[in-house]
Amino acid sequence: MEDKQMRIIHTADIHLGAAPDKKRTWSKLREKEIWQTFEALIGRVKEEQPDLFIIAGDLFHRPPMERELREVAALFADIAPIPVVLIAGNHDYIRKNSLYERFAWSDNVIFLKDSIMSRVELKDLATDIYGLSYTEQEILAPVYDHVEPQDESRINILVAHGGDEKHAPIRFQRLPVSGFDYVALGHIHKTAWARHANFAYAGSLEPIDCTETGEHGYLDVDVRKEGCTVQFVPFAKRNYKMLRIAVDLNATLVGLRRSVSTAISEEGEEHLYHIVFEGERHPDFQIDCEEIYMLGNVAKVEDETKISYDFEKLKRENEDNMLGVFIDSFAAEDLSEIESKALAYGVQALLDAEQ
Numbered sequence: 000m001e002d003k004q005m006r007i008i009h010t011a012d013i014h015l016g017a018a019p020d021k022k023r024t025w026s027k028l029r030e031k032e033i034w035q036t037f038e039a040l041i042g043r044v045k046e047e048q049p050d051l052f053i054i055a056g057d058l059f060h061r062p063p064m065e066r067e068l069r070e071v072a073a074l075f076a077d078i079a080p081i082p083v084v085l086i087a088g089n090h091d092y093i094r095k096n097s098l099y100e101r102f103a104w105s106d107n108v109i110f111l112k113d114s115i116m117s118r119v120e121l122k123d124l125a126t127d128i129y130g131l132s133y134t135e136q137e138i139l140a141p142v143y144d145h146v147e148p149q150d151e152s153r154i155n156i157l158v159a160h161g162g163d164e165k166h167a168p169i170r171f172q173r174l175p176v177s178g179f180d181y182v183a184l185g186h187i188h189k190t191a192w193a194r195h196a197n198f199a200y201a202g203s204l205e206p207i208d209c210t211e212t213g214e215h216g217y218l219d220v221d222v223r224k225e226g227c228t229v230q231f232v233p234f235a236k237r238n239y240k241m242l243r244i245a246v247d248l249n250a251t252l253v254g255l256r257r258s259v260s261t262a263i264s265e266e267g268e269e270h271l272y273h274i275v276f277e278g279e280r281h282p283d284f285q286i287d288c289e290e291i292y293m294l295g296n297v298a299k300v301e302d303e304t305k306i307s308y309d310f311e312k313l314k315r316e317n318e319d320n321m322l323g324v325f326i327d328s329f330a331a332e333d334l335s336e337i338e339s340k341a342l343a344y345g346v347q348a349l350l351d352a353e354q
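Residue numbering for the sequence shown follows numbering that gives the first Met the number 0, beginning at 0 and increasing consecutively.
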């Protein structure tokens, strides 16, 4: 590699064994789909023939069982001689004397399983790989802050997992001057990188819960001594999407069901949805969230609507009782959002108590 460049397929946070949305009918299907997508990625690696395939932690959702290790080992062996670089993350941390620690991988697998920083030379690629694995669920120390390449004439890759307070805190401002040509990051499930930066989070290959909206996939990275080019490749079977549905004083449950169904049809029925209702609703109208869950791949429903009361009318009609006194206690013209909610919820509670 005289021109000092290489191509990497970088992934992380596969979470094999996870069964997202456990209370939903599609949970077991999603568990299978996570495996299927990973197997498809192995097929892509075999087809594309990158110089390096990196998995930056949490390949498994928990410390793996023997059958899971054997399945993955067969996939890795199928793409030999492409080097597979693997570290354990906080979910699939290496327990002492575990099978994960002792497992015999094919010769193309580089498992950086020590809890202290280690380096592996890839002589044919003029490349050094640095990394460590979790042996506990948390790493509180900033273990990546002081690591530096031993030979800056070679391509130097750091594989890291973490970045928050309890999982290997990282000073991201240091990474561009760390001496590494590329830092392959895992742990954060949303793909993220800065233009012209030498580090990137691959994000999770498949989304694991409804907070992980947006597209998911892997990174195709061209690494040179002069800099990196990072390209995101969408690859997930499904994505989580948030749909905000407007509610007004004339809203009906039939109408809201139709609105949700239409929106899901337009966005794609294969995806998974987080439905948020917003706006103002009539005091007598209640949103039946269970009926919304029955419309399809609805993972979560939130009702953020406000009840529309005529507070002045209610105050006049209830001057001599607790309801009127309560409304009068919110006499300020400009109520904060929290105060407005407190007023509405309080009025609703008092009206319910009268019935």
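Worth double-checking, as some hints may not be accurate.
As the list claims (entries may be wrong) - In silico DSS-like links for lysine-lysine, alpha-carbon gap of 30 Å or less:
#1 K21 <-> K312
#2 K22 <-> K224
#3 K314 <-> K299
#4 K240 <-> K314
#5 K314 <-> K340
#6 K21 <-> K314
#7 K314 <-> K189
#8 K189 <-> K45
#9 K22 <-> K299
#10 K165 <-> K122
#11 K305 <-> K27
#12 K95 <-> K3
#13 K31 <-> K189
#14 K240 <-> K122
#15 K122 <-> K112
#16 K240 <-> K31
#17 K112 <-> K22
#18 K27 <-> K45
Said to hold, decoys possible - Label pairs and their in silico Cβ distance ranges:
#19 R69 <-> E303: 41 to 49 Å
#20 A140 <-> S328: 23 to 31 Å
#21 E338 <-> A72: 24 to 32 Å
Just so you know, these hints were derived from the structure itself, not from any lab.
Each residue gets a CB set at the ideal place from its N, CA and C atoms; glycine is no exception.
Next on the checklist: I'd like to know which numbered hints this structure contradicts. Please list them from smallest to largest.
Outcome noted: 1, 2, 3, 4, 6, 7, 10, 11, 12, 14, 17, 20, 21
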